[in-house]
Amino acid sequence: MNFIPLPSPSAARPVSDAYDGTTYYGRPALKPAPFENSVVGSYIFLAGLCGVAQVIATVADVARAPRREGLVRRGRLLSMLAPTLGSVLLVYDLHTPKRFYNMLRIARPTSPMSIGTWILMGFSIFSGATAAAQVAADWVRPGWARLLHGIARTTQVPAAVAGAGLGTYTASLLSSTSTPLWAAAPKSLAVQFGSSSMASGAAALAMAERHAGSRSLARKLDTLALAALAVELGASVVSEATYRTRGISAAEDAAADTRTIAQIGTIAPFALQMLAGKGKRSAGILSDLASLAILAGSFCLRTGVMEAGDESARRPQDYFRFAKPGNLPK
Amino acid sequence: MKRVEGTVLFTQESRFMLETDAGERHLFILSHKASAEAQQLPPLQHRQARVRVTYDNDPAIIGYAAHAIDVLPEQRRGQGARQWARQ
Amino acid sequence: MGAAMIAGLPLSNRVRDYPESEFRHPLPHEAELTAGVRIEPGRSYGFFTDTTVCIGCKACEVACKEWNNLPADNLGLTGDSYDNTGHLSANTWRHVAFIEQMADRPTEMRPFQSNWLMMSDVCKHCHNPPCMEACPTGALFKTEFDTVVVQQDICNGCGYCVPACPFGVVDLNPLDGKAHKCTLCYDRLKGGLEPACAKSCPTDSIQFGEVADLQQRAAKRLEHLHAVGVPSAYLYGAPDGPGATGGLKYLNAFFLLTDRPEVYNLPEAPTRPSDRVAPSLLSGLAAVAGLAVAAVALFSRRD
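Residue numbers (the working numbering), protein chains in the order written: chain A, 1 to 330; chain B, 1001 to 1087; chain C, 2001 to 2303.
What the hints contain is simulated information worked out from the structure, not anything from laboratory work.
Everything hinted at is true.
Pulled from the structure, derived: some chain A residues nowhere near chain C, Cβ distances all over 10 Å:
(1) PRO83
(2) PRO142
(3) ALA145
(4) ALA283
(5) LEU292
Distance condition first, Cα-Cα at most 20 Å in a straight line; then the derived PhoX-like pairs of lysine-lysine:
(6) A:LYS324 to C:LYS2249
(7) C:LYS2249 to C:LYS2142
(8) B:LYS1033 to A:LYS98
Computed from a predicted model, the values in this text were never measured in an experiment.
Every residue, glycine too, gets a C-beta built ideally from N, C-alpha and C.
Using the sequences provided together with the hints, build the complete structure.
As structure tokens, then:
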């Protein structure tokens, strides 16, 4: 009898090291985060701005910077945007907003969303107390004012610690998911977000100092913002390299426009500040432009990362390439 | 917004099956706009309660979004529903 | 519980007590009769889905929708073989994938599975569930049956469990604003019933039972398949194997597959997202702390 020779069943090794591009009809293997990117992006931006505003105010106060009173006051007041507007944005993005208080049922160290809730709570309490003491001190007799300033000087320390957390935990929030682009480079993404927060806080306060006529502090804050931008730039190079080696960088094209603004906001301030240092008459305008560019760039960095992440979750080939044994943490 | 009256046959999470007085069965999902909560539905099932549901169509599913549930006063119902309740 | 092999199936001796084919009332510990396992709190239950015997009938999908009162969604035709369900979603907790491998000529088709792969996908009920670890409200929890369930009265629809899941299972229903996924028929387990999908599966491709027991059964099945000439068969979601990498440890709902995981829309080496919390938090804080030190230096400089 003659049998048709049977082809051997598919490759004996079902699990291979190299990904050959197979997908299931090109269908996504993951679900993108159901966040409203403009809303959550705005929150991440505000959280960074406000958290760092508190850090800068506290550092200026503790380091006894010359003529720091205005900066400290503005920093403390600016930080109140996170507990107010920021919280509203967070609740708005819930799909069952009336149950927002359930976030306070538990504290879960494995969930950056839970960690962030408590950071925001702590920040709101200490920052709120600091800002309240600051405002009240302007209205009462000098004796009481001294006491209130003392209170603010105490509460600003935990507020600044929480502020540092508020400016960075949002990166951890994105990284601690299965979305390939967010998960690929947890450390450098966190450095990007943290330094971008620092840049935005310094830029906003620098602009305020300039308009309040405090040139020297404004210059120092501008320098701080540029230093933060330099760190951010370095970290973004690391992130990009990671995305490329993991083969998931194509998803970034989905957020090309936002990313372009973010890149301009990271690089343009250097040129603008250099020009501002040379030109005497238009220096203020150029510096303001630099600050605004930093703020816009910081916002777009966050929304850009969110958009690109959503796209990477929708691309099965990116996820499968990412979810290979070679990419597992050692 | 449309309204329909009927009996709550059974519930799962935020979903419930309503049998209208005409004998048709429709699936509803309690919308997040509704003041009623999912945990209030099982008692309606146990009582086989008669309710009036205010609802909207949803093109993505074969079912409706229930925005409000008003419990109607008890009245004599079909024998079938009673038997369901006892089991 | 007397677990004997009856008609080749590991069923309880109790089946002999019920010769009728219709019952007026639920039977106590019914799963003992249908799946050969008594469901008791404190033990670990799951699914073993043997895709080599799946015939793609979608009885599991229908049974799931029926029992859980889930509406039909993904309306329309996809054009992707016989898969018009598409994917798991808030309203679809079982999804039968159809992989139609048409590269070979009909005369060259393999005798085994005839170039058709079918798999009933479901929530994996991970041992270390990323969705639960991500949930900030505690709505997602481990039940007394070691399964993962969203408590609907607590979930506030933050949606963070959705990107956390490495298998794209959890989904948010925009209608009711809550996260939904397979509950492994939590209510049925509490009543001693086998989950609807497993009970309805006509080929026993979906097997329900205690996880340790299922893992043993799967190992035996694997050995058998290797012996009869299916060397490509392997387990997805067995302890530390493919699908259970990166700290997930093992999946309570695991699969026997015969092709690479990607073919079934599954990642080969998923990770545990919570492993990234500490590294990223610490790096971010270090960056801010470093810049704060720079700020101290700047501010304390006299001009």
